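*Asks:* Each chain, letter by letter, is given below.
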Amino acid sequence: MSRQAQAVLMLLVGGAVLRASLTDLYLRYVKVGLRPLLLTAGIILVIAAAATVWYDWRRPRATRDGQSGRGQHGGHGHREPRVSWLLLLPLFALILVAPPALDSYSAMRAGTALQRPFGFPTLPAGDPVQLSVLNYAGRAVYDHGRSLGDRPVKVTGFVAFDSGGTPYLVRMLLNCCAADAQPVKIGLTGQVPPVLQPDTWLEVVGTYTTEQARDPVNNGAIPFIDVRQARPVPAPPDPYETWGS
Amino acid sequence: MTTTTDVAPARVAHRARNARPVRRLDSVFVLAMVLLLAFQVQGPIRRALSVPVMQNWMTVFVAVVVQALPFLVLGVLLSALLAVFVPPSFFTRALPSRPAMAVPVAGMAGAVLPGCECASVPVAGALVRRGVTPAAALAFLLSAPAINPVVLTATAVAFPGNPRMVLARFAASLLVACTMGWLWQRLGRTEWLRPPAHPSFDGLSKPAAFWGSVRHDVMHAGGFLVGGAMAAATLKAVVPASWLHAAAGNPVVSILALGVLAVLLSICSEADAFVAASLSQFSLTARLAFLVVGPMIDLKLFGMQAATFGRGFALRFAPVTFALAVAASALAGVVLL
Chain A
1 MSRQAQAVLM LLVGGAVLRA SLTDLYLRYV KVGLRPLLLT AGIILVIAAA ATVWYDWRRP
61 RATRDGQSGR GQHGGHGHRE PRVSWLLLLP LFALILVAPP ALDSYSAMRA GTALQRPFGF
121 PTLPAGDPVQ LSVLNYAGRA VYDHGRSLGD RPVKVTGFVA FDSGGTPYLV RMLLNCCAAD
181 AQPVKIGLTG QVPPVLQPDT WLEVVGTYTT EQARDPVNNG AIPFIDVRQA RPVPAPPDPY
241 ETWGS
Chain B
1 MTTTTDVAPA RVAHRARNAR PVRRLDSVFV LAMVLLLAFQ VQGPIRRALS VPVMQNWMTV
61 FVAVVVQALP FLVLGVLLSA LLAVFVPPSF FTRALPSRPA MAVPVAGMAG AVLPGCECAS
121 VPVAGALVRR GVTPAAALAF LLSAPAINPV VLTATAVAFP GNPRMVLARF AASLLVACTM
181 GWLWQRLGRT EWLRPPAHPS FDGLSKPAAF WGSVRHDVMH AGGFLVGGAM AAATLKAVVP
241 ASWLHAAAGN PVVSILALGV LAVLLSICSE ADAFVAASLS QFSLTARLAF LVVGPMIDLK
301 LFGMQAATFG RGFALRFAPV TFALAVAASA LAGVVLL
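These protein sequences, in sequence, are chains A and B.
In terms of the UniProt record's numbering, the first sequence opens at residue 1 and continues consecutively.
In terms of the UniProt record's numbering, the second sequence opens at residue 1 and continues consecutively.
Any given hint could turn out to be false.
[What the hints assert, rightly or not] Facing chain B, according to a computed beta carbon distance under 10 Å, are these residues of chain A, among others: (1) M1; (2) A7; (3) V8; (4) L22; (5) T23; (6) V30; (7) V32; (8) A98; (9) P99; (10) S104; (11) A113; (12) T122; (13) A181; (14) Q182.
Worth flagging that the hints you see were computed from the coordinates, not collected in a lab.
Predicted model only: the values in this text are computed from it and were never measured.
Glycine included, C-beta positions come from ideal geometry on N, C-alpha and C.
So here's chain A without its partners, still in its complex pose:
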């Protein structure tokens, strides 16, 4: 690949990363905290592309002549490997396809990632009280709902079905990027809407119930929620939850 082609590719990859991190697109793939690093990386790639063009243009004509980075300069037989062309693939994926955030397909292939939380602080004020899927599930399973009592809680997630047709409200947990995402699932019982499509985002208001199930994939505990009200909502900008949310 010639120097000019490398400069174009670096400019495009840097530009695609900048575009993804200036919009909410990056949130489909990585956690919020990575944004400053992504912006920096995008800017550095763009500068590197500009510097490549600049120094290539400034090189003496004799060395620039016709070799275009194919490495005859100074008797040095160096050529960038063909593997660099692979950088086109994430570029196309980001700008042409922009794949969606992980959905019910991935959620039901993996076991629930629920673990014992550090503690069970008193619920914040609010009626109903807004909780993350992870927070509700942790209190329901490991505190047996003691810190929940019979207060109505509001949780938001997307719908997924297991092979038996039980509906779950799911949020994927993210630590770094979507490659390490793991689901946390809450079973829906009570006044569940009769018609549900997988991957629909729902805002569910309900109360704690002692009902529990075991995840068929890893035998982890899945709590249920007694649904009083459920309404479809648009997908949030950040579709993932993180540990500690």
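Position chain B relative to chain A; hints supplied.
*Replies:* Using the frame of chain A, we list chain B on its own:
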């Protein structure tokens, strides 16, 4: 786009005047054609990729690349700084002159690079080119992604009930890194370590050499990173999680299984502790193997090591690293967990 299409014909005409034989297509021209073609057929491509398994694959693939890219760029910048602005004499003064002593010092020095494995490969490559004993540079390469404060803190957060996990991870990783360094010093041959020719930037101004090094490393390691990300996404999308649970029963098989899983998944070392914590049906020792193997050798690292040190090196280095990492985890598990 206009600039690329303008450049290509001008260059071809220029070559023709000089009567040089043009055997290969001009790569700017090829790049422009590929980009144009991709935009033309984007509709059918999108339709073909709308099945859930393909979307899942694409999401994981893009996620691995996007997540690793900032760390790769950081490592590449650091490596270019080392290569251009730090004189080789600095390293000969900073490291003990006896290689046997330089290995543990370099291994401990890995604790100060606060990044994941994508940053440590280009930095280690620059160290070798700056005349650091390969044994010491390799110890740094292996220890840096595993024992830096960011990764150890993440491990402590992911295993709130087992603080010894942090100690075991630190000890086992440092042990493997130093042993690999000493092994290389005893058994390694210089001809195995044949880095693909790095362009020499002698005679160029310092900024020109700096940006030349950045460009070269980004294109090189970036391409291999993409290859590794494709492999990792394929495994994540294709292999069902239930296979793992069959392996959890046997203590020996479970250590090996999680070691292999760490290689295949290619998760960033800053995030792997959380994934390990969720594999709760496995023993702590097996999960330790996951944490020790992952930062040292995985699919995308193998690609990046091959790009930096040569394929012959990577093919010998990777299996030994894997075996030692599994053995050290088992040992640390018995002693510490």
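*Asks:* Go through the numbered hints given earlier and state which of them the structure violates, listing their numbers in rising order.
*Replies:* Numbers 4, 5, 7, 12 - these are the hints that the structure violates, sorted from lowest upward.
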